[in-house]
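Residue numbers (our numbering), protein chains in the order written: chain A, -10 to 95; chain B, 39 to 590.
Derived from the structure by calculation, the hints contain no laboratory data.
Computed from a predicted structure; not experimentally measured.
Some hints could be false.
[Stated by the list, open to error] One side only, chain A facing chain B, incomplete, derived with CB under 8 Å:
#, residue
1, 11
2, 52
3, 53
4, 85
5, 86
6, 87
Each residue gets a CB set at the ideal place from its N, CA and C atoms; glycine is no exception.
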Amino acid sequence: MTSPLDRKIKITGPVVVTANRVADGVVVYRSPDGGWTTKLEAAAVATDAARARVMIAEATADDLRAVGPYIAPVELAEGGRVRPGNLRELIRLSGPTIDLPVTFGI
Amino acid sequence: MYIYDSIDRTFVTERVAEFRDQVARRLSGELTEDEFKPLRLMNGVYLQLHAYMLRIANPYGTLSSQQLRRLAHVARRYDRGYGHFTTRQNIQFHWIKLEEIPDALADLAEVGMHGMQTSGNNVRNLTTDQWAGVAPDEIEDPRIWAEIIRQHVTLHPEFSFMPRKFKICVGTAAHDRAALRIHDLAFRLHRNEAGEAGFEVMVGGGLGRTPFLAQTIRPFLKKRDLLSYVEAVLRTYNQFGRRDNIWKARIKILVHDLGAEAFAKEVEAEWQTIKDGPLALDSAAVAEIASRFVYPDYEALEDSPPAFTAARRADPQFDRWVDNAVNNHKKPGYAIVTISLKPEGGTPGDATAVQMDALADLADRYSFGEIRIGHEQNLALPHVAQRDLPAVWRALDALGLAIPNIGLVSDIIACPGLDYCSLANARSIPIAQEITRRFRDLDRQRELGRLHINISGCINACGHHHVGHIGILGVEKNGEEFYQITLGGKADDHAELGALIGPAVPYAKVADVVEDIAAAYLALRTSRDELFIDTLKRTGIEPFRDRIYAAH
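Bound-form chain A, shown alone (with noise of 0.2 Å):
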């Protein structure tokens, strides 16, 4: 299996690094301090690749915490905001787009 490090990583936009809390499965995102963050908005953003592999690395090693890092892309809006970059980030952070069941009749 190809080490993440020897991963040939290429972006096109903003980046993220996404991955899910070990304990309960909830989704984190790498934050700055290389710590985790469930906020999207207090996640580091990585523009270039370079850095986007030294946060996968690190992201990887980080094993006890997080499970199946990966880079995901974003969007950076007005302000520096920060929003998922396809259907599948907005879904993982915002939840389903349907009403869950017990929201739905009984």
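Assemble chain B onto chain A, guided by the hints.
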């Protein structure tokens, strides 16, 4: 119901203790994810978009009321108050916390439930007809044979690390209600010319990226040889199946590449060496397993009791529901009630803890404490006295579960899709919901008649889109959700794979296309008696294609 003995109970309980230790070691950092992942998968624990997912096996789709209540408890205590019934007769919980899974599994183990072999490259939970043991058209109860196989392959060291997962299905009825030909290995019990019952053996079915229907490699197998033949097929697969490429690892690829005849020769050669060994089933061994299935103590009743027929005459809504959701039972005076988990605007296959608890109560009161799960993601009460049907209908209606849409356009099979699943490319559930809203008028649904829509959010085809009369497959194109539409698939006695109708359509157009297909059918059919699938067979897909692509 199959009744566990002390060996079964000890085994399941010990497995929970083992997994509790593995989870603790993962949480403490003693195990890395690479080390832990195969262990969690062996217990049905996946990682999805938002959380871990726990898949619980319901062997051959049978549940006791006690087990359903316990599932409701797990939904409430450890998840978000609901569960999702799957196309493999299992249930999964989508919001479970890893640190709480051992407790959830311990609670489930108390009622004989677990997540073993609901993931991984082993023999998965066996499936059968959800009407097993009660269908008037069955030769005998398929669950006995499924249980014999299940016991043999559970934790079998030779079959725990196969090239890929392996799904076995057993059917024993005149009509296939279990989608036999989409399984890796399927057995269909039938009688030969001498009147002896034996199995037709089918291998190499499966959907996903490269769909194939299973091919018959042996038209008649004596019942005594069932287990040795399973062993021979699995060994042949283990030996020749590809391990170098996950996309070519399923047995369907091996059967296709070798050819069914050559594959059968390999199996037969292996089988000759083991068929008269310890795996040959003697009648005492079969009787021992059969004795652990407890059947209801049915009353001696007559069909169509006056209270039932009077209620049908008096209440058109009840009559409509009976027509749609109630089927004949092999015992006079009883009926099988199918419970739709497909409300308008709902998520196919989801049931809340409140509904599960209430259904468990209904099962206790009216169905000898038994519930079934069908691969169409609906439930059933398998033993309801016909005289009780009005009361059952009223109770189900109060729970939002008396929707008379079984087999109709809104009875949609759908995978969780991109709303939950880490493999998905596109959403399935909102597509299903929009279609149910478009066709909310039940009279219109009845006018359309039997019409199966199956939706998958990715090529792995958990929503069985290839065998939907209308199949809908979500794909991603340049960051947008698009959907390929297939027509003409079916998973019954005459199983077929659907044919792609044309270019994929965007998310917002899918329900329009389904409406166009429905309208084309109404215009093309020769009479109300010609079902959608029959019209399609007669005309081919061209008139449907013309209508869709002229409109869009």
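The hints, checked one at a time:
1. Interface restraint check: residue 11 of chain A against chain B, minimum CB-CB distance 7 Å, threshold 8 Å, status holds.
2. The closest approach between the C-beta of residue 52 of chain A and any C-beta of chain B is roughly 5 Å, which is under the 8 Å cut-off, so the hint is satisfied.
3. The closest approach between the C-beta of residue 53 of chain A and any C-beta of chain B is roughly 4 Å, which is under the 8 Å cut-off, so the hint is satisfied.
4. Annotation: interface hint on residue 85 of chain A holds; nearest CB of chain B at approximately 4 Å, less than 8 Å.
5. Restraint check, residue 86 of chain A versus chain B: the minimum CB separation of about 6 Å is within 8 Å; hint holds.
6. Interface restraint check: residue 87 of chain A against chain B, minimum CB-CB distance 5 Å, threshold 8 Å, status holds.
Checked against the numbered hints above, the structure breaks none of them.
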